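Using the sequences and the hints given, assemble the complete structure.
Residue numbers for the sequence shown, in the working numbering: 55 to 153.
Keep in mind the hints are simulated off the structure, nothing from the lab. Heads up, a few of these hints could be off.
Restraint ranges, calculated between C-beta atoms of paired labels, are given here [as the list claims (entries may be wrong)]: (1) 82 / 105: 32 to 42 angstroms; (2) 95 / 142: 18 to 28 angstroms; (3) 71 / 118: 34 to 44 angstroms; (4) 143 / 92: 14 to 24 angstroms; (5) 118 / 68: 31 to 41 angstroms; (6) 121 / 63: 20 to 30 angstroms; (7) 151 / 67: 32 to 42 angstroms.
These numbers come from a predicted model, not from an experiment. We put the beta carbon where it would ideally sit given N, CA and C, even for glycine.
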Amino acid sequence: MSEWIYFIHPPRENFVETITEEEAGIMQVHAGHLAELHQQGVLILAGPTFGRINTGIAVIEADDEDAATTIMSSDPAITSGLMTGELRPMRVAFLRGRD
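Structure representation (C-alpha cells):
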C-alpha cells in the first residue's frame, strides 16, 4: 500500500461562503462517501481548507496509481462535475498516534 493525496478544487473562489442549495446537497453526498472510505480503512484524513480558495484534501491508501485514481474518480464531488480532482503520490511521515 502507498499513500496518495488528492486535491478537490472548487468551481470558484469563496465556495464555502457562496455555496448553493444544490451544491450543498452534492457536498453532503461527498461527505458520506468519504465517511465510507474512512470506515473501510482507505481514507487516512480529509477536510476542506478555508480562506478565499476552499480546496479540499483527501489522503488515501491505495495499491498503485490506478487504484488511487479510481478512488479519487469515484468521489461524488468530482463525478458530479462540481469539483475537479488532482492526484499526487505522497508519504505520510508524521501522524499523531502512529508509531
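Do the hints match the structure? See the list:
no.: 1; hint: 82 / 105: 32 to 42 angstroms; result: violated (22 angstroms)
no.: 2; hint: 95 / 142: 18 to 28 angstroms; result: holds (21 angstroms)
no.: 3; hint: 71 / 118: 34 to 44 angstroms; result: holds (38 angstroms)
no.: 4; hint: 143 / 92: 14 to 24 angstroms; result: holds (20 angstroms)
no.: 5; hint: 118 / 68: 31 to 41 angstroms; result: holds (36 angstroms)
no.: 6; hint: 121 / 63: 20 to 30 angstroms; result: holds (21 angstroms)
no.: 7; hint: 151 / 67: 32 to 42 angstroms; result: holds (35 angstroms)
Violated hints amount to a single one, hint 1; each of the other numbered hints is respected by the structure.
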